[in-house]
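Put chain B on the given structure of chain A with help from the hints.
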Amino acid sequence: MTQPRSTRFRKERQKVWFELEASILKAESEGLSALSADELARLPMLYRSTLSALNIAREITLDVALLRYLESLSSRAFIMIYGTRKTFLRLVWEFVSHEFPQSVRNTAPYLAISTLITGCGVALAFHLVIADPSHYFAFVPAEMAGGRTPSSTTESLRAALYDDGGGDADSLAMFSSFLATHNAKIGITCFSLGVAFAIPVIYLLFYNGLVFGAFVGLYASRGLTLEVLAWILPHGVTELLAVLLCGAAGLCLGTSAAFPGEISRWDNVKIQMRRVGPMVIGAVIMFFIAAVIEGFFRQLVQSTDLRWLVASSTAIFWLYYFGFVGRR
Amino acid sequence: MKPFPIRTPEGVILDFKLAGLELRLMAFMLDMMIIFGVSVLAGILVFIGVYASDSSGWLIAAYMAFLFLFRILYFVVLEMRGRGQTPGKKVMGIRVLDSHGSPLTGSATFLRNVSRDVELFLPLIVVLAPEALLPGAPWWFMVFPLVWVLLLGLFPLFSPLNLRPGDVIAGTVVVIQPKLELRDDLFNTTKKAKLALTSGQLDMYGIQELQLLEKILRDFPTAQTLHTLAEKVSAKMGIRESEWHDNPEAFLRMIYAQLRSHHEQRILFGDRQLEKREGHYDSISDS
Numbered sequence: 001m002t003q004p005r006s007t008r009f010r011k012e013r014q015k016v017w018f019e020l021e022a023s024i025l026k027a028e029s030e031g032l033s034a035l036s037a038d039e040l041a042r043l044p045m046l047y048r049s050t051l052s053a054l055n056i057a058r059e060i061t062l063d064v065a066l067l068r069y070l071e072s073l074s075s076r077a078f079i080m081i082y083g084t085r086k087t088f089l090r091l092v093w094e095f096v097s098h099e100f101p102q103s104v105r106n107t108a109p110y111l112a113i114s115t116l117i118t119g120c121g122v123a124l125a126f127h128l129v130i131a132d133p134s135h136y137f138a139f140v141p142a143e144m145a146g147g148r149t150p151s152s153t154t155e156s157l158r159a160a161l162y163d164d165g166g167g168d169a170d171s172l173a174m175f176s177s178f179l180a181t182h183n184a185k186i187g188i189t190c191f192s193l194g195v196a197f198a199i200p201v202i203y204l205l206f207y208n209g210l211v212f213g214a215f216v217g218l219y220a221s222r223g224l225t226l227e228v229l230a231w232i233l234p235h236g237v238t239e240l241l242a243v244l245l246c247g248a249a250g251l252c253l254g255t256s257a258a259f260p261g262e263i264s265r266w267d268n269v270k271i272q273m274r275r276v277g278p279m280v281i282g283a284v285i286m287f288f289i290a291a292v293i294e295g296f297f298r299q300l301v302q303s304t305d306l307r308w309l310v311a312s313s314t315a316i317f318w319l320y321y322f323g324f325v326g327r328r
Numbered sequence: 001m002k003p004f005p006i007r008t009p010e011g012v013i014l015d016f017k018l019a020g021l022e023l024r025l026m027a028f029m030l031d032m033m034i035i036f037g038v039s040v041l042a043g044i045l046v047f048i049g050v051y052a053s054d055s056s057g058w059l060i061a062a063y064m065a066f067l068f069l070f071r072i073l074y075f076v077v078l079e080m081r082g083r084g085q086t087p088g089k090k091v092m093g094i095r096v097l098d099s100h101g102s103p104l105t106g107s108a109t110f111l112r113n114v115s116r117d118v119e120l121f122l123p124l125i126v127v128l129a130p131e132a133l134l135p136g137a138p139w140w141f142m143v144f145p146l147v148w149v150l151l152l153g154l155f156p157l158f159s160p161l162n163l164r165p166g167d168v169i170a171g172t173v174v175v176i177q178p179k180l181e182l183r184d185d186l187f188n189t190t191k192k193a194k195l196a197l198t199s200g201q202l203d204m205y206g207i208q209e210l211q212l213l214e215k216i217l218r219d220f221p222t223a224q225t226l227h228t229l230a231e232k233v234s235a236k237m238g239i240r241e242s243e244w245h246d247n248p249e250a251f252l253r254m255i256y257a258q259l260r261s262h263h264e265q266r267i268l269f270g271d272r273q274l275e276k277r278e279g280h281y282d283s284i285s286d287s
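For the record, the sequence lines run as chains A and B. Numbering (my numbering) for the first sequence: 1 to 328. Numbering (my numbering) for the second sequence: 1 to 287.
Please note that a few of the clues may not be correct.
Derived pair list, reagent style DSSO-like, types lysine-lysine, alpha-carbon separation capped at 30 Å [to be verified]:
#	chain 1	residue 1	chain 2	residue 2
1	B	Lys-17	A	Lys-26
2	B	Lys-215	B	Lys-2
3	B	Lys-236	B	Lys-194
4	A	Lys-15	B	Lys-179
5	A	Lys-270	B	Lys-215
Calculated from the structure, these hints are not laboratory results.
Chain A with its partners taken away, still in its complex shape (with noise of 0.2 Å):
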């Protein structure tokens, strides 16, 4: 009886994949690092030559647990090659300085849809609380009012925006707070429930615009414009724009789901949703920052000049930031 080929093939090669197992197995539990530069210059020959084994012993060999062996050690030796190669921090700072702004950019006929929706909640609340305040709580639900409602004296809504020991301020924080994690809910929101062909974020777009120009409204309507604007927009600038961002991803989403084109619908949502990800990624890092914004600079900058300071730059910020970085 003769001795089958795969036999002696794998007698003839085997020393090359033990070499390959023992560089991988110390690269997975050490990280590359680890390995010589000896070890390493080899690492791509041993791969190479083990693929192709894999490749011919497809051909030659009926050995089953040769076969496993070879496919097993292709694949864990193609991971720690082809995997990833740039570190944690290199992929962020890609991110910031390209993908972000670049997605932002792609998007931007959406962006300026939902900023349109929203303004237009905006400007129809604010109209109709000016004309009689007591419309403020047809759009702002009254756990979300903390106390701060139309039969509020003027004194204390002043009050509220500036911590002079008055203890309102207090409740203010607590108020944004919750503006907060409810702008970054509605921002995913919007995000997620974009496939269902965009309505239900043109009507949560909406409903923010309402809540935001009834909250202004109320305050310009005892001569609190300019001051309630200054209490907002430092941080409101950031977060605003991250819930238009969101709105866009949505927008987007809905469309390409509604319109797909020649390709099937589930796979240009699938398209779109990589192509928007960035953005909604990077609107989850500005709800971050509007929030610290919020929560430690607000509290320390009782100046109304100061605050709008702050929230023409961070407007500056990302005016420059979405129009000019990362273009090629």
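Positioned in the frame of chain A, the structure of chain B alone reads:
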């Protein structure tokens, strides 16, 4: 275990196996246990800190920020550092892979992990407090998003490859980490054959039977199985019972060795016989 073939840049197709839902759930629960443990530990420290100082608001705010960041970053950073494996996944022997075999990108990792929050918690909100999803909307308007969100949560049960929405968005799959184990060549552990089979006899079985025989010899070599098998094989190949009666295992190994040698010789000439032949070997018609 569904197969998931990936073509390497070298043009070789590697057959990965998709990890099932239960493995992935277990890995996730392990990771959540680690996160929960660290959060509780940090919570105890914060609790002590709140008692020790009077500006407790900052500490609590910082703790909330920590909880949020830790939960998100735990998965993202560890999955990247571990080449697609968080500690939980490592224990369960599974890993994340780009579905086209390209390197796992940062945003893919981020997307699949952030979207898990949405997938898990949105349906929870829907079930516990439906009115919180679209505040102020009339009830009939809620039906559409409700259905969608529930679909989102139950998606992995129905999607063809049991993928999560997060995996679909990020273009990733979770596969089983292949085990590195080279088992002995059965051929080498076989004694020299005293019985030479003709090629007509060997042709009675195909490659499928050969590989099934290998599996049985390796994994289920009970006396009962081997005896029954030897009986069948010898009948089909026309071998007398006295040849195998003392030691069915040695006989079957001998058959295996000769079959493999024979079929490997044949596939060299592009002649793959996958299945066995019908009937029994007949020495007269063979010659």
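To test your reading of the hints: which numbers does this structure violate?
The structure breaks only hint 5.
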